[in-house]
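Each chain, written out:
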Amino acid sequence: MPRPGFVLEVDRSTPPILTWRGDGFSLERLPVERSRVIYPAEPEAGLPDPDGAIDEALDHPLGDSEPIGALLRPGMRLTIAFDDVSLPLPPMRRPDNRQRVIEAVLDRAATAGVDDVVLVAALALHRRMTEAELRHALGDRVYDAFAPEGRLLQHDAEDPDGLVHLGLTDRGEDVEINRRAAESDLLVYVNINLVSMDGGHKSVATGLASYRSLRHHHNVRTMRQSRSFMDQHHSELHSANWRMGRLIAASGVKVFQVETTLNNDAFPSQLGFLQRREWEWTARDRAAYLATTGALRAGSDRLNRSVFQSVKAPYAMTGVFAGEVEAVHAATTEAVFRQQLVPVEGQTDVALFGLPHVCPYNVHSIMNPILVMCMGLGYLFNLYRGRPIVREGGVAILFHPTPRAFHPVHHPSYIDFFEEVLADTTDPVQIEKTYEERFATDEWYRHLYRTGHAYHGVHPFYMRYWGAHALEHLGRVIVVGGDPPTVRRLGFLPASTLDDALEMASDVVGPGSTISHFHCPPVLMADVS
Amino acid sequence: MLREALAGRRVAVTGATGFLGTALVERLLRCVPGCEVAVLVRPGRRGAAERVRREVLRNSCFDRLRRELGDHFDTEVDARLVTVAGDVGVEGLGLDPSGEAQLAGCDTVIHSAATVSFDSPLDTAVEVNLLGPSRVATTMRRLNPAAHLVAISTAYVAGARRGAAPERTLPDTPWAIEVPWRAEVDAARRARSDADAESRQPRRLASFQREARAELGAAGTPLLAARAERARDDWVRRRMVELGKARAQGLGWPDAYAYSKALGERALLDSCGEVAVSIVRPSIIESSLAEPVPGWIRGFRMADPVIIGYARGLLREFPGLPEGIVDVIPVDLVVAAVLAVAARGPLPDGPDVVHAASGARNPLRYRQLVDLVREWFTDHPLADSRDQPIAVPEWSFPGRRTVQRQLRRTTRALYGAERLLQSLPLRGGRADLAARLEERRDEAERALSYVELYGAYTETEAVFEVDRLLALHRSLPPADQESFGMDPAVIDWRRFCHDVYLPSVVAHARVRQVPPAGAGRRDPRGATGLTRQERGRRAILAPERQLAVFDLENTLVASNVVDSYAWLATRHDGDPTRAAFVVRLLRDAPAMLAADRVDRGDFLRAFYRRYDGAPVERLRTDGAELWHELLLTRAFPDGLRRVREHRAVGHRTLLVTGALDVVVEPLQPLFDEIVCAHLGQRAGRFTGELLDAPPTGEARAAIMADYAGRHGLDLAESVAYADSASDLPMLEAAGHPVAVNPETKLASIARRRGWHVERWPRSPGGPRRVLPVGPRVRP
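Chains A and B are the protein sequences, given in the same order. The first sequence runs 1 to 529 under my numbering. The second sequence runs 1001 to 1779 under my numbering.
Derived by calculation from the structure, the hints in this document are not laboratory data. Please note that the accuracy of each hint is not assured.
Said to hold, decoys possible - Examples of chain B residues lying across from chain A (beta carbon under 10 Å, computed): (1) 1624; (2) 1629; (3) 1635; (4) 1637; (5) 1638; (6) 1640; (7) 1641; (8) 1643; (9) 1669; (10) 1670; (11) 1755; (12) 1763; (13) 1764; (14) 1765.
All C-beta atoms in this analysis are idealised placements derived from N, C-alpha and C, irrespective of residue type, glycine included.
Let's have the full structure, built from the sequences with the hints guiding it.
Structure representation (structure tokens):
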């Protein structure tokens, strides 16, 4: 029986706490009597027979939906959309959940005599996946059957002929999605629900949407009204997607949603110490820690990055739910919360976030300064329900080297965003007003997004908006170990050690501040009372 | 008395654009209200009147008069100053009839035109300095024999004379050297045609071509030819300078200047006939003592570069006799002497000579001067590039030979190091190092030339008598002695050096001075509030620019045609084939590099044969992949952003590259037009032969001109970006050239010409491939 997540009050006997710093980590000794560490639960057991569970879910769907077999018929147009490379993190070992589900759906389609089947990667404004990434997510059999015939597509949010405008929501939001998906007789969406924000109507309404549609909820206002965007009942992002999803359903698009959940077994056994509680480290864990940090010290940044990027998580599937979108997502969310939710009592003055090597947007890439901001203030800060773990006006301390380095193929508009936009202002509202449209409609970025492997020109703006709620909430953000000029450009303060950072924080929250250390990854979600 | 004597006269002045001439014209206009002035000026490009306006009247010399006259300045000048187009370098002074009439109406002619540089080519010195005075005299004999000719010579016609040098014409000076001046003129002219003929020998021409190629690399035939022709001109000039110096020194003068001036005096006396002549011989003319303002100076005078070189720590030593006299005379004293001679008129007993010199009356010893200079610069040091004060060296007065030997050694060592660096394929910071080294070598060469040129003047042992000058001074009434004084005794050398002369030299040389204590670091931003780099960028991106032309390889992308080829050729191969391919390519690399250096066009032609038989459609697909997976990882994000910035302000953008169309097609959205190489096709396969001449070297300039012509754009309003000297034709064709990560040769050219330089790095977060081979094929 895995142990649930819990909160450790730091006392004299507490060992130093493992803290991520990008492509590396350190052990940090926290101030006693006023610090606490929020630990994730241990990994749940996976489903004993995932393929059997998938069959079961497809045949006994949730909500108002017929079994998939009843929806398939010869001569129909079937589109299977699936989550892109941003999920899960780190990428999971083969076979990926998507491969299992899609193979099962394809078997049934073949049996039913469906010929017109197309697979679509639901990229939204993310970069196109590479052949290797597609093979990893779908398996070689699916890839080789579909890609050579041009039936494995990647969603193109800028293809004027590949989109269809379905109408406006009651709040006047444009709903424009992938034409092939919208005009199919059946759209099967296959997801991996890593965190509670994923899935539901967001899968189609965001994953297959155009910029014209996305801008209605990917903006500063929405993000500031989502507290947090991980909590469906208090998320404007969620509400907007639900409005759009319902409009899509009402427009006659038949969506059969298949959602899968994972446990939080994020690291292979050699790196097992990363998800064990420090005082329970064995001699082997200690040796592995020393060996790993020693090797990282000896290796170049480039080498360390490629080692981390090659890590595959031994995630196991803990649930699979199929059928009508909202019913499916309710079950999925419950499964996610079961694994991730950790009750936390009250807020503290300071929160510590060690940033891991990967976020949704730098798989097989580099976590550039803008992604550092997004990972810390967007994702980790928002992994709460109720209230943030840090009080209003408090301080967030991030740990990351924050080099001024960008992937020129994946993040071209990020480079210009950093050099041009952030050099001018760090205020999300100002940025949105002055610069968003120019980047979003830039011909060159559009070209790189559509033909290469680049994120859409507007994507760095969303990263900034993702942190808008945190920026409004916090009194100061400090980055320990960050490259000083780069950190300042982001609007944060650089510090060389945790002690220095706490000293700097005391200007804002006073001396003797209380501290929370958010021990993530593996993913956890603080349920703050 | 002086004013009255000159009032109502018309005075002609030659050499008005020179240091002494400007001062003369100003003094006449300001202090002698009754006279008219005619200036004889070479017309140049803009015409004589415009030259006078720009080069004479706008000089700070006239600030005082402008202030005193206020709004009447122009009326006054128009009423009293006449410009005559003419040239003392040609027979008859090149006058037109109206010019002749103007000159015929002049009562006094002050001939001050000369080539004053000590290293003039022999024939130039002969034409201007030797023949100039006699030409003026001959012309006056024809136009107005009654006029008085005051010729400005130099005290140094005394040559290597030790001891007293009297104020007498040379034929009356017992130790003067007798040389038939007409034979010298013929010899000088013959020497020019001999040197020119020698420079056209095949052996010489080949060496000029080598020189041009060493400097510019594969810059294309027209540029190389132009550079080689300039090298030939330079060689002839150097040869003539050498000949001048050798001839002068052989006859006992320090240089061609003194030699030609001395013979000029003789020629003048031989040809003046009934025209009355007076000769004024100044020594080293330096900044003014009082008139029009203390410290006024024009141009970089003889002693100034030596002094600045000393203050910058460049001249660790300078030869000279510590007890020798440095004969310096402020310009206003010389002007006074000339005007006094003009006012007095000719002497009845034939040509007379007046020295305007200080040595006999109020000597300034060399040691004293050096001490004064050192004291002043110790208190007011110049600053180095980091704003640190430069300590001035202590001179020990060694012999000229010792100093020359030291400097020659330094120059040679620096030259060797520079050559070595130039031959290496360096970029960025290391290319900068080579450019800095070149600057050091330039400085050392300059120091050497100062020592060679001016060394003789610090070793002069002649003492120029000034009895006639003093007599002239004393003949003036007290009021004139006050305002037109010329007695060198009034000079307080300490005060002159510290308060007048050195501050004006430093101000004039525009050198960096140490900021006052407590001023903090110097802000690199000037009056515009921008750094030099920012100002450059602003100029480049100004809305009035019309066209931005980019080179591709190493300007926007750190890659080349060989990388692209390697990728495309191995894209569909298995591992063993790829390995063999890489080995072959590495083996051929040195030969390809060498071919590329000689002629880029030929290299491309030969290289593209490798594409013979390649399937067109597959290369098109692979080309797109090549861009996204290899070239973009090697791109300079700042460069790509710059292209887009140009488009954003409305400039047209043009890419000119020797790369193939299939490779550069993915760049289409960045540019209005792409000019690249196209290969012929047969049955869906490339033939390996280029359809047109590759767009390299001088073809690029033609492409730009053609594009600009088609779209009605002005190339003067265009910006060109390139990385190597082989792109010079393209850079030179543009009004605003930008060197991007320049290699050594271009770095030094850009530095010399003040071109904007951009250092664009690759994005550090991208993947690095060791070998530019395509991704592995899945079995």
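When the structure is checked against the list of hints, which entries are broken? Sort them ascending. 11
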